[in-house]
Structure formats: C-alpha cells, structure tokens
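Chemist: Build out the structure end to end from the sequences listed, making use of the hints.
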Amino acid sequence: MSPPRIAIAGTGAFAGTLLRALARHREPLDLSVLGSDAGRAGELAELARNHAALSGAPPTCRGHGVDPGDPDGPERLLASLRPDVLVVCTSEHSPAESRTAPSAWTDLVSRAGFALTLPLQTGHVLRYARAAERAAPDTLLVNACFPDAVNPLLTALGAPVVCGVGNVATLAAALAGRAGVADPRRLHLLAHHAHLHPPEAPGLDARAWLD
Numbered sequence: 003m004s005p006p007r008i009a010i011a012g013t014g015a016f017a018g019t020l021l022r023a024l025a026r027h028r029e030p031l032d033l034s035v036l037g038s039d040a041g042r043a044g045e046l047a048e049l050a051r052n053h054a055a056l057s058g059a060p061p062t063c064r065g066h067g068v069d070p071g072d073p074d075g076p077e078r079l080l081a082s083l084r085p086d087v088l089v090v091c092t093s094e095h096s097p098a099e100s101r102t103a104p105s106a107w108t109d110l111v112s113r114a115g116f117a118l119t120l121p122l123q124t125g126h127v128l129r130y131a132r133a134a135e136r137a138a139p140d141t142l143l144v145n146a147c148f149p150d151a152v153n154p155l156l157t158a159l160g161a162p163v164v165c166g167v168g169n170v171a172t173l174a175a176a177l178a179g180r181a182g183v184a185d186p187r188r189l190h191l192l193a194h195h196a197h198l199h200p201p202e203a204p205g206l207d208a209r210a211w212l213d
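Its first residue numbered 3, the sequence shown is counted upward by one per residue in this note's numbering.
Rather than coming from a laboratory, the hints here were simulated on the basis of the structure.
Note that this is a predicted model, so its numbers are computed, not measured.
Heads up, the beta-carbon is just placed ideally off N, CA and C, and yes, glycines get one too.
Worth double-checking, as some hints may not be accurate.
Using C-beta positions, here's what the derived DEER-type ranges look like [what the hints assert, rightly or not]:
| hint | residue 1 | residue 2 | range |
| --- | --- | --- | --- |
| 1 | Leu-122 | Ala-176 | 45 to 53 Å |
| 2 | Pro-70 | Gly-182 | 16 to 24 Å |
| 3 | Ala-15 | Leu-192 | 19 to 27 Å |
| 4 | Met-3 | His-199 | 39 to 47 Å |
| 5 | Arg-51 | Gly-115 | 17 to 25 Å |
| 6 | Ala-55 | Gly-160 | 40 to 48 Å |
| 7 | Leu-110 | Pro-30 | 44 to 52 Å |
Modeler: Below, the structure is given as structure tokens:
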C-alpha cells in the first residue's frame, strides 16, 4: 500500500511549521509543497527531508511551483499529484503583517477587526478547492486561512472543505498543558479566532470538555 499523500499549498511560516511536524511522523508519508515561488517550495521540501532524516522518520517531500498567472496551474498539478489531503496555508493577507510590515492598512484591520480580511483569506483557498473538485475529487480539503469565517463561506459557495486547522490547535495545546491532560485526544474544544484574546465577558469564552 502506498503511503498517504499530503499536499501543503503555501510557503509561509505556518506551512513550514506544519511541514516540519509532518516530516517527523513515524509512519511513511508522501509530502508535497506547492508554492508560487518554486525555489522557496524546494527549500521547504529540502528542510522537511532534513528533519525526517534527523528524526529517523520515513516521510518523503518534494517541492512544486505553481504559476500564479496560470489559472489552470493548480488543477494540472493536483491532477498529477492526486493528494489524499490538501492543506491550504496561503492567502493574500498574512496575520504577521501587522508585526513585520505595519501600515495604514494593518492599523485599519486592527481597528475594524480581522474579519475585514475575509475576501483576502478566501481567494486562494477557493481557487484550490475548485481545482481539487475538478482534478482530484477524492482529495480532502483542509483550510488554514481564517477557517472560522472562510469555511462557512466556502460551504455556502458549494466548495468542498472538510475542516480548518490553526488557532484552535494552539488554544487546545495551551489548555491541555494547564489542565494537565496527558492524552490530548480526550480534550474537545470549541473556539474561534476571537478566543486568541480575552473575551469581553466570561460567557463568551471558549468551551472545552473531556470525553
């Protein structure tokens, strides 16, 4: 049986962190990095292979360039790769922009709320969702770009998204550590992007429970 195929679209910080974690997986995985910068995608793939080798882990990884000017590029690549899972980690607005390149725009986002970036978070993942729908319909789509707001929009548009990943995992890890939960699978958490900051009232806090 061939190993599970996982493709990660994006070459930013979150994509790199996810890729390094998967590279240390103890079971075989066939990993791919998709990026508009083919050189950067190749560098991340090499880094993942190095992490796998240092950990004595079996995953393999390759980098692939996706021409942002070619509307059919994602579809052709997904038709070739046929990933079991596609994780989209690329958008037109990075949450880190307020720290790395503050501007009038980031000030506006800070005042108005992160939801202002919804259109910028949706474009790339919708493009990949449509490409997967046509070229690799069995692929499970996971969205890492503001999934709290983007995933309901994708569902309303009929785009096949399975779940989101990102902020809730950070909150779950912090809560499990504070509560002394040894097995993280026992912890269930209902939380959103807003819960990265203290709520205005206790009743608005995240919900957590053990099985």
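Chemist: Taking the hints in turn, state whether each one holds.
Modeler: Do the hints match the structure? See the list:
1. At roughly 27 Å, the beta-carbon separation of Leu-122 and Ala-176 lies outside the given 45 to 53 Å, and the hint is violated.
2. Here the CB-CB span from Pro-70 to Gly-182 is close to 46 Å, at odds with the stated 16 to 24 Å.
3. Checked against the hint of 19 to 27 Å, the C-beta distance between Ala-15 and Leu-192 comes to roughly 26 Å, which is consistent with it.
4. Between Met-3 and His-199, the C-beta spacing of about 45 Å keeps the proposed range 39 to 47 Å intact.
5. The supplied range of 17 to 25 Å is broken by Arg-51 and Gly-115, whose beta-carbon atoms lie about 40 Å from each other.
6. Taken as a hint, the range 40 to 48 Å holds for the pair Ala-55 and Gly-160, whose Cβ atoms sit roughly 42 Å apart.
7. The hinted window of 44 to 52 Å between Leu-110 and Pro-30 holds, with their beta carbons roughly 46 Å apart.
When held up to the earlier numbered hints, the structure conflicts with 1, 2 and 5 and fits the remainder.
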